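Novice: One letter stands for each residue in the lines below.
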Amino acid sequence: MKALRFVVAVVVLCILSLFLIPQARAGMDAFDVNKMADMSDFDPNHPVIPTGDTIKIALVASFSGPAATVAQMYWACATFVAHDINKRGGILVDGKRKKIQLMKADHMSKPAQTKKVCERMVLHEKVNFLIGTNGSNNMKVINQVAKKYKVIAQDFTALSDELYNATNFTKYSFMTVPSCEVVGKALAYYYGKIRRKEKKFYILCQDYLFGHSMAKGFKRGLELYFPEAEIVGEDYHKLFLKDFAPYLEKIKASGAEVIYTGDWIPDAENFLVQARQMGITLPVANLFLNEPNMLHRVGIAGTNRLVNFSMCGAAEGSAFPTADQVKYYHKWHDQWKKWKAPYNTYLYEHGWSASGSMGSYIQQIYWLMSVIKRAGSTDPDKIIDVWEGDSYRDVFNTVYYMRPSDHKVVADYYVQIYGPPEEQKACFNIPPYYWFKGCSNPIKIYRIPALRCAPPMDTKMARCKGRDIWGNLIK
Amino acid sequence: MKNRPVKVILWALFLGVLVFYPSLFGLYFTNIFVIFSIYALYATTFNYLLGYTGLLSFGHAMFFGIGGYGTAIALERIQGLPLLPAIIIGTLAAVMLALILCPLLVRVSGTAFAMLTLAFGQLMHVLALKLRWLTGGEDGVGGFPIPPFHIPGVISLDITDPKKFYYFAMVVLALSMWVIWFFTKTPFGSIQTGIRDNPRRVEYLGFKLPHTKAVVFIISGGFAGVAGSIYALFQNLISADDAFGIGNSFAPIIMTVVGGIESFFGPIFGSAILSFIDELTSRYTERVEIVTGLILILVIMFAPKGFSGFLRFMRGKWLSPPNANPALEETK
Amino acid sequence: MESDTVLYISQAMHGLAYGMVLFLVSAGLTLIFGMMGILNIAHASFFMLGAYFCYQVLSMTGNFWVSLIVAPVIVGLLGVLCERYLLRKLHAYGHVGELLLTVGIGMVILGSVKIFWGTESLPVTVPQILKGLVKLGGLEYPIYRLFIIALALVILAIMGLILYKTRLGMIVRGAVSDAEMVNALGINVPAVFMFVFGFGTWLAGVGGVAVAPILTVYPGLSDQVGMDAFVVVVTAGFGSLKGAFIVSIIFGLLSSFGVQFVPKLAPVLMFGFMAIVLALKPAGIFGETE
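Residue numbers (the working numbering), protein chains in the order written: chain A, 1 to 475; chain B, 1 to 332; chain C, 1 to 290.
None of these hints come from the bench; they were simulated from the model.
The reader is advised that the hints may include incorrect statements.
Chain A stretches covered by chain C per the calculated footprint, using a threshold of three residues with CB under 8 Å from any CB of chain C [claimed, not checked]: (1) 49-56; (2) 264-270.
Now the stretches of chain C that chain B is said to cover, found in silico as 3 or more residues with beta-carbon under 8 Å [claimed, not checked]: (3) 80-91; (4) 98-106; (5) 111-122; (6) 228-236; (7) 275-282.
Treat the numbers as computed from the prediction; the structure is a model and nothing was measured.
Glycine is no exception: its CB is placed at the ideal position from the N, C-alpha and C atoms.
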């Protein structure tokens with residue numbers, strides 16, 4: 001009798017622990033494309049937005065004004081994720097299955113408007129999450145609103161390191177995008193440790209905080225990984241500069257071998273178009289020269305050998321090494337063929353890193369969904385509990401780690417080398433074996449280890465004192 | 001005679017709504033009201049130059065901006081600076097700017113005045129962007145400490161609470177507007193309108209044109225600085241594009257024209273109307289530019305005297321006796 | 001040639017090219033203001049429309065030269081329509097009303113451009129004939145930029161011819177100086193206004209087509225160019241074509257040599273120059289005092 005009771009106890013204990021272990025292991029989650037819903041009815045022009053008792057997420061971006069194209073892109077990414085999650089039945093929070101309700105919050109690229117619209121979202125629409133945005137000065141305001149009203153904010157695209165320093169940090173906001181210094185260091189690492197060829201660099205960035213941070217990151221990276229490198233010139237041009245010719249002339253005269261820039265469109269486009277027109281064929285180390293419309297305009301030759309930092313990639317070599325990744329690619333690409341304007345352009349064709357960084361935005365938003373799911377609640381404190389120190393494996397097999405001390409992400413990142421369509425087969429390893437016919441795109445992808453490109457941590461913050469790049473206390 | 005009690009009642013009602021507004025309408029609309037009032041003062045200072053003196057200041061944002069930056073930088077750099085001195089510093093900065101520009105600007109009028117103010121407004125914008133060590137460049141100055149509104153022995157109000165900020169802002173802005181209104185009612189005010197209508201005559205009467213214009217300019221700039229100062233405190237952020245941008249110079253022009261140049265309350269109406277349109281367009285459409293542009297065109301084409309002109313027209317139709325001539329309105 | 005000399009000559013040519021573009025935009029602006037007293041805030045928006053129509057015609061015909069001819073004409077016609085049906089009604093109400101109307105027009109253009117062409121940037125490439133560089137003793141200069149310089153000079157010559165050698169030109173010059181007087185002489189001044197407004201916007205359209213192959217064609221194009229054109233016109237003096245030309249060149253050269261020698265100060269140079277000029281002569285270098 002005693003033995004029987006013992007056996008029953010053991011069996012019961014085993015069964016119980018099977019239930020308990022997933023809870024205890026509310027740690028690493030991974031993106032699983034096989035769990036994705038059927039996306040064949042997804043149309044970014046007509047997203048299905050549920051109402052009622054939902055999880056409300058406000059996408060804050062410049063939906064009107066000259067930068068509207070960026071917000072359109074974010075909207076496509078966010079609605080894609082929401083569509084998938086909703087079709088799976090939503091997320092179980094506070095005991096109920098709730099769907100994701102996305103809302104547009106137009107900040108018109110103005111900080112004052114950002115404050116107004118965020119407050120409306122928080123106070124009137126009672127959103128649970130604020131995600132955004134283009135323009136670090138706007139993101140700063142979002143973080144301020146998040147702090148004031150205790151709402152969780154996710155920064156999936158503003159790159160300024162200052163956003164999470166001692167002055168601006170708030171525990172309610174999480175930066176899932178790599179920062180300026182990460183980009184600079186990764187590119188410097190590529191040139192110093194992988195490429196080991198060109199030594200003379202010309203830095204041309206925009207004259208504002210972002211541009212200066214991008215330059216600083218690159219210089220720091222060169223100090224660490226490429227001390228033999230020589231910076232033959234450093235210029236900061238005004239934003240929305242029309243005529244790059246005088247700067248390009250200086251670059252020609254300096255004997256530079258590589259141009260480094262953090263410029264985004266329209267500056268990025270004006271710069272590249274005019275550079276190629278002036279006969280400057282130098283490779284450009286960049287972050288935002290990945291917009292397909294612009295690349296097509298410059299043409300195959302002009303975009304050859306561009307060196308682009310990518311927020312998402314794959315293992316070394318090909319873009320789709322696993323069957324899962326091929327499947328994931330088709331989830332987006334097959335639908336794209338059916339979409340109408342404005343989503344039927346080259347920009348949206350691949351939904352990948354080589355198209356305006358969309359691939360990364362999508363995965364970052366999936367991370368947010370995963371955090372909500374594991375927290376089982378939209379309560380900010382529970383979200384913070386789960387997200388701090390969280391690890392998430394995205395579809396590209398990159399593990400993101402949310403550094404608990406300053407809410408910045410530490411992860412491996414990628415450097416992509418662009419080449420002509422005939423060379424794209426090794427990278428684009430599925431039919432039709434090229435990204436685009438009309439321009440250069442990634443032919444090779446290099447992985448930069450997280451240790452080499454970790455974001456800086458402001459040790460003036462009490463919670464950051466005495467910690468290493470993973471946020472752990474240095475013994 | 002029947003006008004007097006009606007006016008008193010209307011004012012009392014208005015004051016009542018003002019006092020209970022935050023409780024009635026909630027936090028979000030309270031904030032909207034604060035922005036509306038700041039711009040109402042700003043537009044009023046603009047109209048003080050345009051409607052009353054005939055000078056179109058095309059770069060008025062420079063005063064707004066320098067007032068805001070003055071206060072923001074002072075609070076950022078000077079530890080423990082109390083609130084009122086911070087506002088005064090901002091206002092003084094605006095007054096200084098007006099003083100510096102006076103010798104140049106009072107010699108001209110009309111188009112040249114407009115163009116010069118435009119030019120200097122743009123210059124201030126570029127300087128604010130370039131002097132990053134002082135102004136923070138594109139990011140502006142933000143996150144500075146906001147001290148409580150503290151009069152020893154009388155009152156201490158923590159204005160980081162939106163509701164309390166509302167009352168504080170109302171007091172300051174209303175006081176400023178009243179001072180300006182008062183100025184228009186003095187004999188000095190008459191000289192002003194004289195300059196607008198017939199400068200040569202005023203000169204012949206013995207009044208020194210440049211000096212008068214200087215005083216007007218300084219008052220206008222100074223109070224625009226006050227508006228900017230309150231704005232910086234409200235947002236806890238002031239940035240170059242926001243404050244010095246050409247859009248901010250356009251704003252008071254649009255508000256004044258839409259509200260009505262020929263009335264003191266015109267700019268106030270204009271600010272209210274524009275806030276309203278802003279809310280509607282930002283909620284219901286992404287095509288903000290087209291909607292605002294069309295509204296602007298329609299208003300200019302069909303109601304060039306603005307809202308207050310429309311009111312006056314209506315008042316003339318409804319309130320005066322049947323055979324009175326509505327064109328014989330009381331002039332200011 | 002010594003590399004430094006080559007560099008400086010190159011920078012000078014860049015300055016010249018940029019100055020010419022500025023001239024194309026500011027010429028129309030100064031004519032319109034000089035004659036009608038309208039500060040056309042929407043002028044840069046017409047410039048942007050020129051670039052967009054260039055793309056449109058190019059995608060329909062594949063021929064850059066056709067778009068160079070057709071696109072500015074469409075822009076000019078739009079300008080004429082604006083003047084005839086919108087601005088003309090406001091002449092009586094004074095300049096502030098007209099100014100605000102042009103602000104409204106500018107906003108409507110910006111919104112419409114996004115509706116018809118979307119928010120992404122449009123690709124316009126340099127025509128095959130003008131691609132490449134011209135090489136002269138160590139100096140390499142893009143042929144297309146030379147084309148821009150040549151185009152602006154040709155237009156300047158044509159304008160000079162019309163204004164100074166034809167009766168129409170005489171009337172226009174008279175109207176720029178004193179519209180009332182010309183009206184009193186029996187000339188149909190409203191028609192002249194319409195023509196000049198249309199011509200001004202046509203010029204802006206030509207500027208738009210000229211830069212479309214080298215600039216990003218996107219909804220923010222007007223913001224970029226607008227302010228520069230105003231500064232030129234303000235500095236040069238209203239109504240002075242000669243002034244607009246000279247000041248445009250000066251600004252172009254200031255801009256490129258500024259970048260070469262004092263990069264940190266480059267953007268301020270233009271405004272600084274303007275402030276100094278205005279402090280000495282508020283009506284602008286070539287402006288007439290009122």
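Novice: Against the structure shown, which of the earlier numbered hints fail to hold, in ascending order?
Specialist: Violated hint (a single one): 1; every other hint is consistent with the structure.
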